[in-house]
Structures are given as C-alpha cells and as structure tokens.
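Engineer: From first to last, the protein sequence lines are chains A and B. Just so you know, the working numbering puts 120 at position 120 of the first sequence, and the rest follows in order with no gaps. Just so you know, the working numbering puts 1191 at position 191 of the second sequence, and the rest follows in order with no gaps.
In case anyone wonders, no lab produced these hints; they're calculated from the structure. Just so you know, even glycine gets a beta-carbon here, dropped at the ideal spot from N, CA and C. Be careful, since some hints might not be right.
As the list claims (entries may be wrong) - Far from chain A, some chain B residues (derived; all Cβ distances over 12 Å):
id, residue
1, Thr1074
2, Pro1084
3, Ile1141
Stated by the list, open to error - Here are the simulated lysine-lysine pairs, DSBU-like style, with alpha carbons at most 30 Å apart:
id, chain 1, residue 1, chain 2, residue 2
4, A, Lys340, B, Lys1073
5, A, Lys331, B, Lys1091
6, B, Lys1125, A, Lys320
7, A, Lys331, B, Lys1201
8, A, Lys321, B, Lys1073
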Amino acid sequence: MSTDYETHDHDVLIIGAGGAGLRAAISALALGAKVGVVCKSLLGKAHTVMAEGGIAAAMANVDTADDWRTHFRDTMRGGKMLNHWRMAQLHAQEAPERVRELEQWGALFDRTPDGQILQRAFGGHTFRRLCHVGDRTGLEMIRTLQDRGVQLGIDVFMECTVTRLLKDGNRVAGAFGYWREQGRFVVFRAKSIVIATGGIGKAWKITSNSWEYTGDGMALAYGAGAELMDMEFVQFHPTGMVWPPGVQGILVTEAVRGEGGILRNKLGQRFMEKYDPKKMELSTRDVVARAIYTEVREGRGTEHGGAYLDISQKPADYVKKKLPSMYHQFKELADVDITKGPMEVGPTCHYMMGGIRVEAESAKSSVPGLFAAGEAAAGLHGANRLGGNSLSDLLVFGHRAGVAAAEDAKRTPAVSVDSTQIEQAAREALAPFERKVGESPYAIHRDLQETMQNLVGIFRDREDLIRALEELEKLKERAEHLSVEGSRLFNPGWHLALDLKSMLTVSEAVTRSALARQESRGAHSRIDYPGLDSTWGAKNNVTVRDGSAMALHQSPVPPLPDDLKQILAEEK
Amino acid sequence: MAEAIFEVFRGNREGGQPVTYRVPIAPGMVVLDALHHIQGHLAPDLAVRWNCKAGKCGSCSAEVNGRPRLTCKTRMDALPLDQPITVRPMKSFPVIKDLVTDVSWNYRVNQKIPPFSPRPGVEWKMYQRDVDRVQEFRKCIECFLCQNVCHVLREHEKMEEFGGPRYFVRVAALEMHPLNGKSRVRVLKDELGIGLCNITKCCTEVCPEEIRITDNAIIPLKERVVDEFYDPVLMLVRKIRGAKTEAG
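Next comes chain A alone, as it looks inside the complex (with noise of 0.2 Å):
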C-alpha cells in the first residue's frame, strides 16, 4: 500500500497546545527555531483554559515572608518527599518571573491595594501564594500565551492528532498523524520534539477531564522507548460537582476553600477536625479527597453522595467577585445559589502526577530528541501536587523545554524518516475501518472507565488491582477488534478508537506501577498497605516498554544536597 499524505518541516515540534506546549514554543522560537505545534482541539481550548484557582509563585506581593525556599518546602512536603528535588527547585525559584512575563505579555491579574498582583491561599501552601483573575486564571493565561504565540509567528496544526513518533535509529525524527476534519494522513519531520500532550483522566469514569485527555503523549513517548516514572500518582480532587448525573465530576475550584469555604457532612459536622485539624479545608488534596470519600462511605455523605462545602457565610458580592463561574455553574447546572446554600461536592479525577521521566533541567526524556512538560512530564509533584503548581509547572518547565529543544535542535543534522514506519502508522490508524463488524469504541470506553474507577480509585487493593489488569487485557483483546462506522470525515467514533489505544497503555502502566508500591504515599492509598513505607520512600517506580510487554521497576529517588535538607528541617 502507498500512503498519502502532506509532509511539514520544523527543528522544534510541539505536541499539544495547552500552557506547556504553548509556553515552549514561545521559548523555542525565541531562539530561532522553526516551530510547529500540534493540537487536537482548537487552539485556546486546551484543558487549561479549565484551570480555576492560580499560578503558585513566591512572589510575596500579600505575605512578605513569602520566599522560593517555602514554596519548594511546601512542594517537597505536599509530593510526600517523591519529587524530584531539582525540579521542585527550579520550579519555585523560576516561577515569579515566569508570571511576570506573562503580565508583560498582557495578561490582567487580580490586584492588590498597591497595584500588584494579588495572591491567595491555597491548600497546602504556608502563604497566600496563588496570582489569580478570580476562578478564571486559566483562561487567562491560555489567551495570553496564545496571543503572544500567534504574534510571534508559531505554525499551529489544530485539529490533528499524533498517533506515532516516528524515529531515526535511536533518535526521534517526526510524528505521524491525521487531521480531525477530512482524516487525511499527516507527517511532522522536526529534529526534536516535546510532549505537552496533559494527562489521562479520560480513563475513568467521573473526572473533571475533557475527551483531549486520553495520555496520549505518554503513551507515544512509551511507545517510542522513553521511560514513563510515578503512574501510581493519580490526583483525585476532592471537589467535583456530584449532582445533577450529567454533571458529576465537573470541577469545583480548590478556590471556594482557599476563600473560606468550609466543608460539613450530611450531620453538619465539619469533617476535616478529624483528619487534618491543623490545616483543615486547606489540607492537601489527597488528604482532603479521602476524607470526603470516608465521610460518604460511612454513611455520613450528603443526599447524592458527596459532602456539603458552604461559602455563603461570605457576603454575596464577594462571592460573585471571586467566584463568579463558580456562581454561574452552580445557579445554571444545578439549580443552586452558591450565595445563599452550600454546594454539594465530591471526589473527582483531576491530574496525573506521574508521567515521561525527564532530566530536571533540560525536560529531556530518555530517548534522545524527546523532551516532555507540564502535566505530561513526572517528577515535580512527587505523590500529590498542591494546587496551583500546575500553572507554574507548564510556565517553568515549558520555557525549559522549549529553550532545550531548540538547542537540541541546533546541534542535530537533517533527520530523515523512513516510508516503512509510515506505512505501518497508516495501517495502524486504518484498522478499525477494515473491521466490518466489531464491538463500538465507546462501549469498550465505558467498560475502561468502569474498570479504572472502581478497581484503581482512591483506595486500592492488591485483590483489586489485579482484577483491574485482568480485565485491561481483555480490554485490549477487544479493542484489536472494534470496529467504526462512517468515513473518515471528522469521525468521533474513529478518534476515540485511536485514542482508546493509549488510554489502555497508560491505564496499564498506572495499575502495574499502583500494585508495585506497598504503602500508601500521596495520591495512591493502599488498603492493605495503610502507612508510610520508608524504602518505598526512596524509590521511583518506572516503567518502560520491552518488547510488546510493559516491563517495571524501581529507581532510587535523587538524594537531596545538604543545603535544601536544611531548609526541609526549618519548621514553619
């Protein structure tokens, strides 16, 4: 067979268009780099345009006291001591200049009495820390870094989805892909590449993620030979919508907490006296999501299964000033005043800690040319990430990749890619449609987020998580098989039985990596495994691809200089 398809050139491609991939693209072309960024949606509606309550940055605009070495502090502690120190370094000492940038660029935040940015508390943060434009920063800085990348002349493909690295011997040299809109095949040859692809929430069943999130990027670079690091780490967030059923899982900003909002049971006890009387709503979100979900299964739960939190003690304007979508989703898509009654919330699948294992500095991954950032990338958050680092991760850590491809991109000759890797990609994606009759990707979808909510949830399992990878193989036994109907003119069926492939690979790599780690650390909570286990402590689970098998184990977590143990020690 002879595949068409329309060949693009670039020394820096650029997979996935949210704050990341955007931020690394403005960096790659500052440098001179030829730069093409890919997306599945249009440009601007990436997942962080859902990001409600800030970017964490230590600029002490509110507390003075405020500094990187208590952010990194409170990074290091939230992650369980998992992260990767120098990560957690970088990230807190770069980020207020990063958010500064983005006020140059025209971005408007929130402000202080005395002209600056305004900062809030967020949970687990020492000091009110977040820059914010009320529950809407991610819109604003999705529109600002979209703006500014337009201006600068970046080649967007949106509406195309990548289903293959495409390599040269060791290195990769390009990307396979196909436009959403007429389904014609498209080939990226760039020298190097970067992941900013989000993470896999699409994998469960109630999550505040959009259909993007299907772990392609990690699931690409896997299939490249990159190491992915920590897939046990799944962030649930402990506040989702919960009722009516259309909405579950739609996300309710940390935000309400960070202002004040207070969380009660159906007994109008307020819970978190129980499980973190120190920091109370503010504690982390691990800690947060498993109490509200204890609270529910013993019976303590409000009338559709979740907790109450409550901000109408705040006076109505502030609300509305502060809260303004959050007043809005509520009054529309549940029929409830946020000013006057509390909201009904519960856990909610949100953010992948783990992901492609990169060099802290560089965002390089394993295979050479391969560079990954933002919620795609491991080893900043360890095994919980506290709010509001997620912005500041993709600013940081986009700018280093972009800055690091491009660079590697300078020093690279031609790469060149051969037909047979494309021809292969091509029969790959064609597949479903030679299948006359098979299964609908979507009823497989419902049976993966089925399998991964309640057999690799909040509280897992031995008994639990192998069952999980029994029936992922049955999964993937059945996904050989689907078939889809229509053309390949903007067909969703035919998208989600591609996506559906690197949703089963990373689903696969979170339940190996969650049934390895015997303790509970984070994000992953093992029933039979309850406490903290130091020689777990210490290491890293990663996983590679060995053949057409997933191999795992362990690496020893980089021990930290003296200087940064020190100010772990300082209590504050």
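Given chain A, work out where chain B should sit, using these hints.
Structural biologist: Okay, now just chain B, sitting in the frame of chain A:
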C-alpha cells in the same frame, strides 16, 4: 423512562438533513449530554465539538431550537419536550460535518489585531478599579456565538470587511488596558469595519459570559473612531495645520 426526541442536522459541505433520535432523559441533563448519548449509542460518527463541558472553553456552540447556545449549558428541562428539539450547526460558518463548522476565519481576523504593547518605560503597577472593565472583556471564551448572530456576518456575509463582535471585544481589552501604548483605531475603522455595526445588540444577547459587548466594547470604540477621524473641529484644525496625525 421519559424520552426526548431530537432532530439533529447530519450532513457536510454538500448538504444534509435532520435525523431523528430518541434519547432518555436524566435529571439536570443538558443538550450536550444528549448528543453524547447519541454518539455513544446511536450514531458513533456524529460530529460534535466539545471540551470542558462546563461553559469555560466555548467549543460546543450550536443552534438549539433556533437559538444559538452552548449545548453544555442548555438544560433540557428548560426546553419544551412535547415537540422535537432541533440542533443545527452555527449558520454563519461553513459546515464541515454535522454540528462542526469551519471557524478558521475567526483566527484569521484575530491576526489583523496588533498585539499588546505597553507604553515604553511603564512601571508595572495597576489598580483593580482600572483593571475591572478590561477583565470583563478578558472573560470571552471564544465560543463565536456573537459572530454567529451578528447580521453583518450572518445575513450580509461581510467576512472580508468586518471583524465581528468577538474581535471588537478583543480590541477593547487591548485599547483599555491600563498600560496600553498603541492605538488600534485605524485598524478598527479600516480593517475591522466597525462602522458597519449598527448596534442591534444581538451579540450581547447571546453572550454566555454576559459581556456587555455593545455597550461596553463596541460603542466606546466607535466613539474613538469618530473622535479620531470624523470630529469636524479636529478635521478643520488638521487641514489648516497640515499636521500629520495617526488619522492623517
């Protein structure tokens, strides 16, 4: 279980027709939930754009019972269920397939707008009272519903001469930025054709973010164009002095 009857446009650039689907109703259900049900159970190749499902990304715009809406925020219990619910793609843009339209024109218009450019040497201090009015414009989620209903685009198809409400909102945000150092008034007049807008306020009515597009963005911008180009006193002064101005 109660059911709703949907008539969803199925087709492509060449044409198409409404197709009827029966969808079970759940409490609090929105139209996008119904479209997902159709995809998942009845028509797996039904083309729909969506992302956040929470009214924050502006992807799922369509015309429900003739009204331009975000389908993720259109509650089924607010629609009469004794008759079929019609769902059609936005009319002002070319259909790609089913409910998905080609909105690339919008991105091209955006590129005509000179980006943010601060006054040289500014101190990076801004006060909330000065930021407030611009933050209203920055709420825009680019759902393009305002573009879809604007009669200059919808009926008169003046895509070449006219930028549309979305981009007047964007220009307003840039022009009213407290530290703005660049004028876009000529662009508004010549490239974005703001004079073609006769303030019927259709855009404001459909904005899901409740941005007062006409009152707060378009009218003040029209005033700037008038001040710059059509003020009779200024025109006279300029003629006498032969001064070079931005308008000249």
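Engineer: Report the numbers of all earlier hints that the structure fails to satisfy, in ascending order.
Structural biologist: 1 and 3
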